[in-house]
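Chemist: Make the full structure from the sequences, and use the hints.
Numbering of the sequence shown is given in the working numbering, commencing with residue 161 and proceeding in unit increments.
Some hints could be false.
With a cut-off of at most 25 Å between alpha-carbon atoms, the simulated DMTMM-like pairs for lysine to aspartate or glutamate come out as follows [said to hold, decoys possible]:
1. 356 with 207
2. 196 with 313
3. 359 with 207
Note that these hints are calculated values from the structure, not bench results.
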Amino acid sequence: MKNKTWLLMFSVVVLVCVVAISSLTIYVDPYMHYHKPLINKFYYELDNQRSQNNGIIRHFDYDAIITGTSMTETFKTSEMDKIFGCNAIKVPFSGASFKEINDNLELALKTHPNIKYVIRSLDRYGFLADKNEMREDLGDYPKYLYDNNPFNDIEYLLNRDILYNRIYNMRSNARYQGKTGITSFDEYSNWMKYYKFGKDAVLNASIKEKEFDYSTINNEKIRGTVEQNITNLADQYPNTQFYYFLPPYSVVYWKKLKENGTLQKQIEIEEYALSLIVTHKNIHVFGWNRFDITDNLNNYKDSTHYGEWVNSWMLFQMHQDIGRLDESNYQTYLKELYNHYINFDYNSLITQTDNEDDFEVARELSKENINR
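Modeler: As structure tokens, then:
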């Protein structure tokens, strides 16, 4: 009898602890899985894209969204709000596949059907991947935060790391420091302060790039990727304007393609992909042959990642419809791109001078926006 009583008491204690911890997690909700952040009570540090973006998408108030890979991390929503006259969120997914980005956009439009603007990067390697690819190689994916299964939420509700490293710190900071609020979307995932720019930084950068077998890529595969992950969603929401852009990778990216013998094939793949995209009236796809930007390594920290001033410039360009590709010019754009980088003198990169001030090129580029 005593054993049964002890077991019952133990079970009650465990149940009370489980309920108490779960209730605390739901209340503070550092990943915003259940509700909007309580910014008047706690400070929410936005620093985990795949764990927090789903909550941002579901629960924030917005009518515009910036999303994509790391090519979108240094956008500033304050600039977009001002230029486009909207209330935007930024939810980047570093290294994401087209499918992952599209799935999250689909959720955004399902929960916020009145979204006016979508700004999204179309990373060039995305056209090479399988239409259903998910980047499982980037680490454990928190699927329990994305599905509608309440039972596997236990992984969030009773998570030791979340309890001690998130909730405890949030409560402590609020109680003893009065720290409340949330990371701004201008700051969220913005890596600018951690890197140097210029020739030395780019040529010495080590980037682990995924390799693709170009011989396996055909029009059927490209069409499947484009339709499922780019154009179908735009067709479902004709009142939303989709601003898609081909990131202006640096000259070093194109150098690698030329050395690998895949430059022409990459251009051919993009040509077919663009032919499927530009016919959709509410998709505004942009590409810029601004070689004064892409050939100047002072704009880059590595072969593909540009400074935030390029993001600011792109926002202005897109709003002004500068660099938009359509049925009449996308082939010319790609031809110019190919001719420039197949004939480029790559040895000249060694003679480039690194600016002492990384923002020197930013000031020059900003003049272009001011003068228009």
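Chemist: Taking the hints in turn, state whether each one holds.
Modeler: Results for each hint:
{"no.": "1", "hint": "356 with 207", "in the structure": "holds, 21 Å"}
{"no.": "2", "hint": "196 with 313", "in the structure": "holds, 17 Å"}
{"no.": "3", "hint": "359 with 207", "in the structure": "violated, 29 Å"}
Taken one by one, the earlier hints fail for this structure only at number 3.
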